[in-house]
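Heads up: the sequence lines are chains A and B, in that order. If you count the first sequence from 1, you need to add 176 to reach this note's numbering. If you count the second sequence from 1, you need to add 17 to reach this note's numbering.
These aren't lab readings, by the way, just hints derived from the structure by calculation. Worth double-checking, as some hints may not be accurate.
Per label pair, the in silico range of CB-to-CB distance [stated by the list, open to error]:
| no. | chain 1 | residue 1 | chain 2 | residue 2 | range |
| --- | --- | --- | --- | --- | --- |
| 1 | B | I29 | A | L537 | 39 to 49 angstroms |
| 2 | A | W557 | B | D173 | 32 to 42 angstroms |
| 3 | A | H300 | B | Y53 | 50 to 60 angstroms |
| 4 | B | K199 | A | E282 | 52 to 62 angstroms |
| 5 | B | S59 | A | D441 | 19 to 29 angstroms |
| 6 | A | W557 | B | E106 | 56 to 66 angstroms |
| 7 | A | V189 | B | S59 | 34 to 44 angstroms |
| 8 | B | T92 | A | F425 | 33 to 43 angstroms |
| 9 | B | R369 | A | F425 | 31 to 41 angstroms |
| 10 | B | S59 | A | R341 | 40 to 50 angstroms |
Per the computed footprint, the stretches of chain B lying under chain A, defined by three or more beta-carbons under 8 angstroms from a beta-carbon of chain A, are [unchecked claim]:
| no. | stretch |
| --- | --- |
| 11 | 172-179 |
| 12 | 195-209 |
| 13 | 254-262 |
| 14 | 308-316 |
Heads up, the beta-carbon is just placed ideally off N, CA and C, and yes, glycines get one too.
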Amino acid sequence: MTNILLSKANYIVFLIFFGYFVVLTAFYFFLAVVGFIEGRKRSWESEEEDYPLAYLSTMAIPVSIILPARNEEEWIRDSLLSILNQNYPKFEVIIVNDGSTDRTMEILNEVLKLKPYDIPYIKHYKDGQVKEILKSEIHPNVTVISKLPGVKKAGAVNAGLNMARNDYVCGIDADTVLEPNALLKVMAHVEKDPERIIGIGSYFGLANGLKIKDGRIMKRSYSWNPIIACQNLEYIRSFIGNRIAWSRFNAMPIIAGGFAIWRRDILYELGGYSANFTCEDIEFTFRARDYMAKNKDKDYKIIMLPYHVGWTEGPANARSLILQRNRWQRVTNETIWHYKYMLLNPRYGSFAYLAMPYFLLYEVLGVFFEIASLAFVAIGWTAGALNLNTFIAFLCLMILSQCVISLLSILAFARSQRIFRLPYIVYLVVLTFLEFFWYRWIISLAKLSGMYSYARKVTTFDQYARPKRSA
Amino acid sequence: MYNYHTDLIWSIDRVLLLTAFFLSVAIFFYMIIRAYLWNKRSKALLSIKRDVYGLTLSGKELSDKVCLPASSEATLQQFLDVATNRNREAIFFNEAEQKIFKNCFISPEKITRIEKTARGSWNKWDRIEAILSLGYAESGGSIPTLKKSLNDRDRDISYFSILALGQIKTPLAAKILLEFLKKHKFYRRKIVSILETFPSAIASEVVGLAENKDQDVRSWVAILLAKLKAGQYVKNIEKLTSDESEEVRAAACESLGDLGNKEARPLLVKLLKNDMWLVRLSAVKALSRLLGKESLSDIVASVNDPSLSVIEAVKDAMAEHIDAAMPYIENFMSGKDEVAKRVALEALELSRLFRKHSER
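Please model the entire structure based on the sequences and the hints provided.
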């Protein structure tokens, strides 16, 4: 009798795990296929777009670029120069020095020739204490706000928002180097429908390995470090595989802070970024979704494009990676918990049925399923109840389904971009078969530590140790 | 030992393994084929470049006989590559070369073939390339085809038809675009940015929409008339400054400033007292653009405006014409109005930045 009960219990546990796996994999397949089709459409659009018209038009939509920087001496020069090199007719730059203690301010002064500027500063958004405002003598469209630290990155971006005057605001990380046509390509898309597009982002890759001088990419030598390459693979899967598909259904759950363009009136309506969360980008996107639901008649859209707009530095070792992903996990949990009422709520349309379940099932609960499946295997092994044949079959199923999803994303990426050359693409293909055995477990460990930090109510923005860049 | 559907799972594994293998091979070959096609595309462009360059040097009259096959038998993709310079990293064509190539490429039979593709190809992107080609070929006779594709249910086809019509800068193309702007709420900004590149003669078509019931359309009309420098319709724009919509009034103000008709001064001064801040702001900007330093006597009073944006605009105007603004600045500095004092100081500070920049 006990044996029968045990057998039934085991079978039910198996069905739960298998069901979870099937649902998630089917969902991923669906997103990868939609992303594949949509990515191709976007790259056609880009090929046929009349960019010179967008560049030369007096109707170009002006953009305020906000660059928050805290101890970014390694990257600030290149990041700033890449912004100043933008092929876009109308933009202003607002750099917010968020209490840097390194050479960030000195470098800004070298590049911009700053001098104090007395201008009214009105606090619409929560920003912390502003020390002084400076203006560049050689670039009249550049303003620097120097403030005390303390309200996280959200406070720094909010300080920039207080000074922003243009219709769209583009937030960029200080370790991001933009491609010269980044703004032009994205804003040409916005120009098609500025009444409805309230937020837009685009693909950016990892800068590790690139040779960059004065904000320009001199040599596109991508890092062969497997941790970096696996992150490149993840970015491709995430941007090209998932987000493009979400965008297709107007269900975008996140516009990453590395390159995020929002309409300024929406930022104003929503009171800017919130410092109550670990990071600000995902929470703001969720808040914007709330706003969209309340203003359904306006038919607002948040869009993701596959064009590579820039490059950002990624953690180059497991320790830094864990620290970064711990932070991502915390903010995901905080946001999902805060906006739990959106889940399967018809008011939020496709977002409620597509993005929210994904976040809950994979981003929040996924790590528990992974750990529980390990425990299940371990217990089964110890009790001598594990059928090795079933175990290997199931393991292969997990690895291969993940591989197929990744390969679909790589193919979509290769079709729509000319970034990586054949040897690097082959390397990524090989990594799709190997990442399960090591990289995935680093990420699981990071997620677990993120869960633990979340349970301890940690909400600090922990920056991992940044390596020195070679000259 | 538990055995849960192991055979079924192995069967799925086999399918997945085959799919993964197929996708890996597909990616590998796709990369190789793409590199090959890219090289081929660049070589074809190089061959066209040589062809066109040879024709330029020879100084011969252009005719079917002198055009070489690389130009006259080019594909639509190559035509667009040359006409738009979209592959400028590979090979760049200057305006003269583009003109010679177009003359060799375009023929009535070819236009008929392209129109056929633009009307009915099952491949949407082939259709779009054909639509764009008709535009870049500046084929006025193809306007009916483009009009049809403009009203296609597919938004992409509609959008690229707008771009194509934008290349054929005739009054008929403008009329069709304006008709679209009137009917649809999307792509309006794009249409206006295209129409501003048209000859100013289309202003007579534009002004016809000045009394449209849609306030967005009226705003765009005001903006577009100024972009076209249609001074003959200044009365129509002036009429829009008393529109029921504040956005239309503001757009009309800015347009009056852009048009450069100094007779609009009394009207703009009156609008400095409008009850909507957006209109007052536009009036300050318009006066500054219209009259330069002469505008200061009208706009300095707005230094006490309740809207910060209006005050900022006054300050910008003072900084830009700092010499003319000095009497007002001295007056503000000796007065008791703290806001005016601050504006005066900021204008002085800002003017130094303006000067340094203009010296460079």
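Numbers of unmet hints, in rising order: 1, 2, 5, 7, 9, 13, 14
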